[in-house]
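We have chain C; now place chain V onto it with these hints.
If you're matching them up, the sequences are chains C and V in order. Just so we're aligned: 219 in the numbering used here is position 198 of the first sequence, and the numbers increase by one with no gaps anywhere. Just so we're aligned: 114 in the numbering used here is position 97 of the second sequence, and the numbers increase by one with no gaps anywhere.
Hint data in this document are derived by calculation from the structure and do not stem from the laboratory. Note that beta-carbon positions come from the ideal geometry of N, C-alpha and C, so glycine has one too. The reader is advised that the hints may include incorrect statements.
Unchecked claim - Partner residues are not named here, just some residues of chain C that face chain V (Cβ under 8 angstroms, in silico):
#1 I27
#2 D28
#3 R34
#4 L35
#5 A42
#6 A44
#7 E52
#8 D293
#9 L438
Unchecked claim - To be clear about the criterion: a stretch of chain C counts as covered by chain V if any three or more of its residues have a C-beta under 8 angstroms from a C-beta of chain V, and this derived list gives those stretches:
#10 113-121
#11 139-146
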Amino acid sequence: MSAGLIDRAVVRRLRTAARTAVAADPRLRAERRRHRRPRTYQDGMWTLLRLALSALFGVLAAKTFGFAEALHVFSLAALAMACLRATQIQNRCSDAASLFTFVHLPVADAAACSHLLRPVARALWGIVLDAAVIAGVAVAALSPPAGVTAWLALPLWALAHGLVCAALALGLVLALPRFPFGVMAWVGGLGVFLALRGFLDPAPGIRAAMQPVLDVVGWSTPAGWLQRALVEALAGQWLAWLVPIAAIGCAAALARWALFRLHAGFALPMLDAIDPFLPDEGTTAVHEAGHGATVARAVAALPAPGQTLRARGRIGATAASLLSPRHLVVADLLQPAGLHWDRAWCWGVGLLLAACALRALGLGAGVVGAAAGLGLLLSVPLLGGGWLGLGLDSAAEPVAPPAYHPVRVGDLVRVILTVNVVRLLAALPLALVAVPLVDRAGMLPWPTSAIVAAKIVWVLLAWQPICLVMTVSQISRRGAPIMAGAVFAALVISVAAVVAIGLLIAFFLLESQALAALAGLGLLAFSAGMLAWICRSWAVGTWDLLKPTPRN
Amino acid sequence: MQVSLDRVGKRFGSNAVLDELSIEFVPGEIVALIGLNGAGKTTLMRLLAGIVAPTRGTLRMDGIAFSRNDLATRRRLVFLPDFPPSLPGASVIEHLALVLRLHEREVDPAAVVRVLGDLDLLALAEAPIATLSRGQAYKTALAALILVAPDLWLLDEPFASGMDAQGLAMLKHHARAAAAAGASVIYSTQILEIAERFSHRLLVLDRGAIALSLSAAELAALPRDGDGALEARLRAFRQDQA
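This is chain C alone, in the form it adopts within the complex:
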């Protein structure tokens, strides 16, 4: 956790005192050992991964495009990162758990704001480090080798770049409330996608399509000015050195002003504003009525079982019609959530129509394929409303709701499978349209592309039990019996995964349709076998129905 309001020196003193006291008592030592958890190094691993990606970016920049041209793409990525950081800062300032804690403590608004923003400040220094790595690797990979001037420019450029990004992010945070929720994250994500596209696909068509965007970014944003100045400075224009220096001054001033505005505008809310469990007008009516007749009327007005499914539109209603009354109650327990299934299907149709239009206009196959693929993904139970579109999970509780009730795992599986099979069948026509669009060369004859579409739907169908396995294991904690055989289990799962991948390849690539069909059946059998195994583990109590506890 971040330091901020916590005095690290005090924590060290207290830790030393506690350790000394524990070390002196064998009973306490044993107790501490009993509670010790394995240390995880996730933060360090993510940092290393990010730096490795930055280095890869740098090498690609220098080798594929040349230093100067690649910097334009990099300025687009910088702008996108500023958008993402702005979203991160906004999220930090409205972090419910921290706000709830601060509400209960005598803390000034400005101090709470500083504490919340502290990890963000650290992350902004991460931008400087990333920029230094990218530029360092790019300069090192230049051919002919870069001179001393280029190496000397690196720290100055990285600092200027980091500060410009930070100032942009902080400035955007002040403007964020004027945008609809999530817009900035989408803009940032799109920018990162475009920048990656520019780096990873050096095809002339893509570069030509991206050039107007890069030109606008290069000429109109501070990050773009900085990149241009660096290129000119390295080319011997000494006046260009003034740009990063001026950028550092301006960005520092802007960042300081934005931080001041953030602190001034931050106010811890009263509990009424953030506690969802306070009584409201809705509960008053029931509370004050207090009469048996009123309560009986309220109970009679409760929606019939399966109403939550039917509220998801025609697809949900079709699934509801296939379920027994008991399973409709289980469906309500699973709380269908996320994207409205009918609307997701319509979005899929819309995106496929857009892909057809793009193809008619003769745009790049990659753009058409991306639109068609996204359209298909929206309509199948993969992205629409979580992986399954049904929730086994609970927001705050370590135990998922189904675990509290007399519900068999078979009931849960039956409901989820029924719903997902209906959704997949609804997606089949879309797959039939999407496959020829994704087929870049456009060489597949219609019957072949129809078979490929059917195979994709079949694989998604066979994938459903695996999805269930993942979801069920996500809300369960493996107990001692399974841990004792963990190595054996890992070996079995590894072998099974290899077999599944082999079956998948055979299903799509075998010439003989009979053998391919056999592979497809094998895939389904494998997936169902995994599901049967986890259902049995659940049923006999091998696994606890608890989420894994957090580790320190």
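Structure of chain V alone, referenced to chain C:
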């Protein structure tokens, strides 16, 4: 700390949770708040802690009007809700360091070790609070309260907090000592036996108003059974409501 409420009311929308409440809490007193579910006990606690604002009326601490922005007064009180919150990822020691710093108290490592030892938390001192049981998490918050030694203790259902016998004994011991030293201790409970034995005064809240106030002497004089017993009187409130 002298706490006085003058015609204080709190509404959530059209729901009047507290209605024209006028009470006085004097230093050195342990006060138990009891009442039916939804009577307004927790809202009264939150109001005294400054984390919800009264819709009307005045709340005074030592004669001075109190609001949430009055940090100097807030540093003299500690409120433990039924699920005391902590910052995400904070360990027991980090939580203590945070609370002591925000209340501007000197940190004495020996005192911290002693309190953690008394509450059986010493071996868990470096564990994240999120990994502790509910009782242990409550004990962490209680340890912070004991170390702060505030003038006003506000405890929401401390006897239903999941703490073990040792934790409850420590709570009672320190609360009695604090009251003897002049602090005010206000707690809510649904356990009548505790309220009868562990308070100088008992207030019964009913639909946002004080329905009954009993001193320690009056409590001691109450019959254990029959219509005059505390349990029977509370049952009467429920029947009135129905």
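Hints and how they fare:
| no. | hint | verdict |
| --- | --- | --- |
| 1 | I27 | holds, 5 angstroms |
| 2 | D28 | holds, 6 angstroms |
| 3 | R34 | holds, 5 angstroms |
| 4 | L35 | holds, 5 angstroms |
| 5 | A42 | holds, 5 angstroms |
| 6 | A44 | violated, 11 angstroms |
| 7 | E52 | holds, 4 angstroms |
| 8 | D293 | holds, 6 angstroms |
| 9 | L438 | violated, 34 angstroms |
| 10 | 113-121 | holds (count 4) |
| 11 | 139-146 | violated (count 0) |
Hint compliance for this structure: hints 6, 9 and 11 are broken, all remaining hints hold.
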